[in-house]
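Trainee: For this one, chain A is given, so just place chain B on it according to the hints.
There are 2 protein chains.
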Amino acid sequence: MEVPPPLVLKRSLFVPSKTLMGPGPSNCSQRVLEAMSNPVLGHMHPECLQIMDEVKEGIKYIFQTLNDATMCISGAGHSGMEAALCNLIEDNDVVLLGISGMWGHRAGDIARRYGADVRFVEASFGRALTLEEIRFAFATHKPRVFFVAQGDSSTGILQRHISEIGDLCRQYDCYLVVDVVASLGGTHFLMDEWKVDVAYTGSQKTLGGPAGLTPISFSKRALTHIKQRKTKPKVYYFDVLLIGQYWGCYGTPRIYHHTISSTLLYGLREALAHFCAMGLKNVVQRHLECSQRLQLGIEELGLEMFVQHEPDRLPTVNAVKVPFGVDWRKVADYAMRKYNLEISGGLGPTVEHVFRIGLMGENATLEKVDMVLSILNEAIQSIKLRAIKTERSKI
Amino acid sequence: MEVPPPLVLKRSLFVPSKTLMGPGPSNCSQRVLEAMSNPVLGHMHPECLQIMDEVKEGIKYIFQTLNDATMCISGAGHSGMEAALCNLIEDNDVVLLGISGMWGHRAGDIARRYGADVRFVEASFGRALTLEEIRFAFATHKPRVFFVAQGDSSTGILQRHISEIGDLCRQYDCYLVVDVVASLGGTHFLMDEWKVDVAYTGSQKTLGGPAGLTPISFSKRALTHIKQRKTKPKVYYFDVLLIGQYWGCYGTPRIYHHTISSTLLYGLREALAHFCAMGLKNVVQRHLECSQRLQLGIEELGLEMFVQHEPDRLPTVNAVKVPFGVDWRKVADYAMRKYNLEISGGLGPTVEHVFRIGLMGENATLEKVDMVLSILNEAIQSIKLRAIKTERSKI
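In order, the protein sequences belong to chains A and B.
First residue of the first sequence? That's 1 in full-length UniProt numbering, and the numbers climb one at a time after it.
First residue of the second sequence? That's 1 in full-length UniProt numbering, and the numbers climb one at a time after it.
To be clear, the hints were calculated from the coordinates, so they are not data collected in a lab.
Keep in mind that the hints are not guaranteed to be accurate.
Said to hold, decoys possible - In silico DSS-like cross-links for lysine-lysine, where the CA-CA straight-line distance does not exceed 27 Å:
#1 K281/B / K10/A
#2 K220/A / K195/A
#3 K232/A / K230/B
#4 K281/B / K220/B
#5 K230/A / K220/B
#6 K281/A / K10/B
Pulled out of the complex, with its shape left as it was, chain A reads as follows:
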């Protein structure tokens, strides 16, 4: 029996152009997109290694770190979470997860598979964790690893006090993993100063790079711990001692670990170059201003932010309550159909309850904020009107 070639592949590729203002990916700039049509390079060619070095320096800057063990995992943002936990965890280590949305639970699932003894500390619904809650959990569980997302994209919550958590971790001989996938570039993050042991971010959010390469960095302290493990990390593909060797992190000869995608490297390199040219502080400032303008506009429209406590709001992914009686999906569909604009619904604990509006990278401009507000309003009014008409037609 022979499997025939599929008919669908006889059609030509169709890719519409959209404005991506959900929780990510955000749009890539023309510079990034054009870079990715460059010819591919071998994964050990000097020009490829040179670009990897450039990317590495760019990551050090955006993380504000001098860590040698700074590199990318060849995979989606999730693979950063995997690599962080895989390298730190040995069987039966107590891993404490900070929860203010779905990402802590996801990290818990991952950690449990690596053999960890998993504990949780959960914030009240719609709030970030307080330092008191975290301190109490540390005293109770005495964790070996503590995980927290600086920005939880499922709820739009910003976890502050990372610096104080860093101090707490040192006190308990615990390793601090901070997920900055959705937050980096939209809020301050100082990896070294705050004593963060592992951080990883998304390439496709404020950076405006392509998805598929995940910047990650390990502190010297974490690296020493990893070198002293009793067992090898459970996944060869995520073994940071090997990947770091390929990325030239340890001053030893480069050794082939896997075939990196040169295409994605070009895109990420250009995204980082643009980011660095703008300057970290300016980028953060711009994201803050955009989010403030959006929050003001949301209020003016008579809508409400999901996160009540203002300082707990993540500037990059803004969660807005779906008004009573409105079907979020119809609103999102309207925006997409009429304007090719992505406004997203909730995820995990916020499903059905919120819109998530991403203001990231290319889409973090005041102009885009005004656009999304205007379209959101039009969409909601139109859906409400339609609902009224349907009701009336029943009478």
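Mentor: Okay, now just chain B, sitting in the frame of chain A:
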């Protein structure tokens, strides 16, 4: 202390154009490269899911399979090996690795980390495994999983008799994993007919797609086994039940698992479309013809193939012995410097001993074969001449 933006990122991106005739990546066509500068799409957008469906159908065709569980892992070829083993292995399972180069050893390292009881069956140096050797090893070890690379790119060895190995596996209630990263498209492979349980290939070899997405397929038998596992697979990122749900493999609603790179999807989709348009049999035939012409040319140049037994030679990655007294690195450097042509050295067991000449995808044409032969000869003669001159100058 502040980390300043790196100076290297103020320079513009530099990507030379090369002819990649090492063991991969091979060159992408202009069609594939251009596709990758399309705007990015959200990972749950219908147009993205549509492209994933098209890619899935393309993979089924090139693997000659009807398996529902056909998808991509978002990672390099190595992540295919990880996913295959991660999903099949539970603690203390006996995993038997067929060795005819370095890939069996690599799979062994990975399997051991997943808790497997790892055994090896090794071919004589420079040869593929015989069926007798494999049968004996099965009788001795009674493995739960058997791994073999159809093409070992480190040695240029082709493992035949996959169909017979498939029968043997059924007999022993064993799952058959075949790595076709370097072989698919260059030699026949019939996943269903040969009773292969898991197969994965590289996107950047004969397919001529970008690196970073790895096509993989699981048989119904393997899937049933995975569903009956006592423990979850150790890696969330490689959990094929979850990834398959995202890829729409099981007839259940699509659930977000990770953010796929739409950029790489475009490239892979176009590569598959081109491959399907040419037709699998024609592609294989062309690769065979190219390799035969190369082998003839190598003989005519007075050089020797590394693999003595002709039927054991892999058509895609051709290992040629480095002539006595010649430094392979100087030859490779000459070809690269003067012609921007990549000819590779050995890997693992063949380091220093062989050149590896890749004839894959865009570079599997008779014209390219003649080109590489001519440049290889010129480079070797030039290096020899230089050596003689150096010797003379010493007199």
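Trainee: Confirm or reject each hint.
Mentor: To see whether the hints hold, each was checked on the structure:
Proposed proximity of K281/B and K10/A is supported: the alpha carbons are some 18 Å apart, at most 27 Å. Between K220/A and K195/A the alpha-carbon distance is near 10 Å, which keeps this suggested pair within the 27 Å criterion. Between K232/A and K230/B the CA atoms are separated by roughly 23 Å; this keeps the pair inside 27 Å, and the hint holds. For a cut-off of 27 Å, the pair hint linking K281/B to K220/B stands: about 25 Å separates their Cα positions.
Taken as a hint, the K230/A and K220/B pair is broken in the structure, with Cα atoms around 37 Å apart against an allowance of 27 Å. The straight-line distance between the Cα atoms of K281/A and K10/B is roughly 18 Å, inside the 27 Å bound, and the hint therefore holds.
The structure fails to meet hint 5 from the earlier list, while all remaining hints are met.
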